[in-house]
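**Student:** The residues making up each chain are set out below.
2 protein chains.
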Amino acid sequence: MSLKAKVVANTCLALCLSLASFIGSAQQLNAEQKAELDALKATALKSELSYQLIESLTTEVGHRLMGSEGDKKSIIWAVNKMKALGFDKVWTEEVTGSYWLRGDAKAKIIAPYPHDVVVLALGGSIGTDKAGLTANVAHFETFADLKAVKDNSLDGKIAFVSYQMERHIDGEGYGPAVGTRVGGAVVAAQKGASAIVMRSVGTDNNRTAHTGVMRYKEGVKKIPAAALSNPDADLLVNQLKRGKDVSLYLNMTARTDAEVKAKSANVIGEFTGSELPEEIVSLGAHLDSWDVGTGALDDGLGIGMVMAAAHHIGQLPKRPKRTIRVILFAAEEVGLLGAKQYVVDHKAEMPQHVIGAEWDFGIGRIYKMTPGVGAQSLNAVRELAQYLAPMGVALSPDNNAKGQSDMSALSDAGMPSIDFAPDGSDYFDYHHTENDTLDKVDPEALKVNTAIYTMYAYFAAQTAADFRK
Amino acid sequence: MSLKAKVVANTCLALCLSLASFIGSAQQLNAEQKAELDALKATALKSELSYQLIESLTTEVGHRLMGSEGDKKSIIWAVNKMKALGFDKVWTEEVTGSYWLRGDAKAKIIAPYPHDVVVLALGGSIGTDKAGLTANVAHFETFADLKAVKDNSLDGKIAFVSYQMERHIDGEGYGPAVGTRVGGAVVAAQKGASAIVMRSVGTDNNRTAHTGVMRYKEGVKKIPAAALSNPDADLLVNQLKRGKDVSLYLNMTARTDAEVKAKSANVIGEFTGSELPEEIVSLGAHLDSWDVGTGALDDGLGIGMVMAAAHHIGQLPKRPKRTIRVILFAAEEVGLLGAKQYVVDHKAEMPQHVIGAEWDFGIGRIYKMTPGVGAQSLNAVRELAQYLAPMGVALSPDNNAKGQSDMSALSDAGMPSIDFAPDGSDYFDYHHTENDTLDKVDPEALKVNTAIYTMYAYFAAQTAADFRK
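Protein sequence lines, in the order shown, are assigned to chains X and U.
In terms of the working numbering, the first sequence opens at residue 737 and continues consecutively.
In terms of the working numbering, the second sequence opens at residue 737 and continues consecutively.
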């Protein structure tokens, strides 16, 4: 036996022993349930339902920002679809907040070399005066550089942060980039800027800016905040490199309608458990979207996946033991308003949320699952991972998941969760842009991811394991 | 010797025999010239000049549609750059035409499901009435389908052609798609349509429409013509699939200023030949661009490549035998106006244009060269191909090149040409869009392509071979 053959044999032996030890432990699913799981997997891998739901939502409703006409239409759409899909119960729960109106945003380099440039107002920003504002640009390569200058030193200039987000499979480039978007206007105002313009938080090379939520702070002057497309940020940097003053014109009509309390709603549907109906396995996604694309990826995908997953399970002859609850959250984009409201509304019931998973991260194939569960249930998680492994899902050694986006609020309120991580390499090419449209949805990846969510929900609803900490 | 080894040996033998037969023939370049060619290659592969020129043109001038302010600025820019680069002679030749103003273009699906959609006016189109027009959509999957319906049968509807351009390495998908753009308005008007909206001629998935020239016909009613972005074309098709009437609103303020005769100019510079100054080796590119990006690929690239190639040769201690002439053509986009004017202005001199090559096809690496020369010079072309082969350039077996874009007009007037073909797979992602910007330029591919153009021009200016037919 060659050395190489020996190594292979030893590795096989180790794997076999590990498998044997696993097989030796008590199985969560019995043979009949295992057969149902396999059938659900086959159904989901064939079904066009999740795609059809996304196609319907993006074609018939379109974008749906908190408080907008699209938001209202999407709530009706979701209720009707859930009823048509045979959910045992369907209801809405009111969520209130403010209604921000994007208006128009125009920008132009005035000097030294005039160019129109593409900007979008950041979500929540005020507008400029009607005539717009023209000011020289103060350039900062990073948010830290902007923070480092003295208060009131910018003398009415437009602060420009040119930091470029990095592309990573798990989207880890988002964190270092998004700080400027959320907090840049407050810091720039403290430094004396008249407005802030930042390079879009995005990895694409389109003249399409990326919006997203920003915040003001009590006691700090509100200034307009906008994102510039990546190629236009390059152009601005190249003009600045020449060492002359660069003057920028900005005109934005964004505003928040302070008089109107906007109303939206969480839309909830469930298939009631046959043995433990009070114990809830939840599947989440957010129904709202930014107002620039049709919200196909963010988060039409999640809507389609979780509604289809629950429906497939609802087609079984008998309901699983636990209740499967689909929660379509309102107003995620403007600050998890729906999720926070859900935690308030369901305070007494929160301990009965035995596990939850959200989908809100695009169309890449799922390659990893990370639990955040009580240690006593890790064997059950390993069994689920075993079922998902043939679909390319690896089990993370960590047990610290906190729930994706909305589910993080439920997780903070004590709910165990499982996070499924997809290849997010190109997610930030489209995120919060007008390019977030149906054509970006890969129907084959969608089938696989829907199958994984279907299997997760079925398994969690049938297992005797308790995931709670 | 194994069978495989035998095949390899035989292949080597065949190659060696072929090389020996080539080496046996008279060489066009002597040892000193060969050394100069090698040095030029090394210089071009290191030089940032072509990139710097594109950066300067796109940053300091921007887009430059025939007759616009940018067009005027680009002429001054080109003259100054050529002088700074040491050209022996630099001059301009007037080109006149009309000045088309894009104005704004807005479109919206009104029913059954309201959506804003992204359109651009096609170049040369008229606008709508001030109030815009709203009409039901008549859908055709191909231009042939539109042609097939009866005259005056569309009853004021908006004709919509949804044909999707295919992606190919050599851009061959463009031909089948572009007919609708150029001739669609005439046919749609004959069928009784009030306007024509077509899916953009482009291979991208951005909500960015592709403009490009269209034509009217004497005696046929002029109707507005616009291109719709690919994702919006999908959305419109998906709404139409539902079988209900789909109503579209279109508002365009495009117009041609018929009162003003627009003036532009070909910008020409040359390094005068030391022995055969009247014989011209030409390098072409077009200085104008569409008015939506910064014309970095189309055709800033060509401008940078041909100016840099000539400059590198001009740095040699002695001018090559023939004159190297760089022609930056005006008004290519609106109908090769500069090239046509050049042929008129240089009628007597056309037989002295011994060979020409244009660059107007993006940033992919050159993988093929195709001559269109007198048969007596094919051995010389093979020698050039031998020098270029290490850079990945294969010699086409054909001898039928007609010159890229502008050069086709000179080719029609008798000039021999060589066409260099790059990988154009992604060219039509950006072509005629606002995304045609500097970041799309790959500096490394640009160096290689510039080196190839430098070597072509040097070789053609030094060889004793006569390429003329």
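Where hints are given, some of them may not hold.
Identical chains share a label here; the pair holds if one copy fits it or two copies do between them.
As the list claims (entries may be wrong) - Lysine-lysine pairs mimicking PhoX-like chemistry, simulated, CA-CA at most 25 Å apart:
id	residue 1	residue 2
1	866	782
2	1183	1104
3	842	866
4	1083	1054
5	866	809
6	886	844
7	809	980
8	825	999
9	1183	977
10	809	844
11	883	958
12	1057	953
Please keep in mind that the hints were generated in silico from the structure rather than gathered at the bench.
Quantities reported herein were computed from a predicted structural model and do not represent experimental measurements.
**Student:** Any of the earlier hints contradicted here, and which numbers?
**Tutor:** 1, 4, 5, 6 and 12
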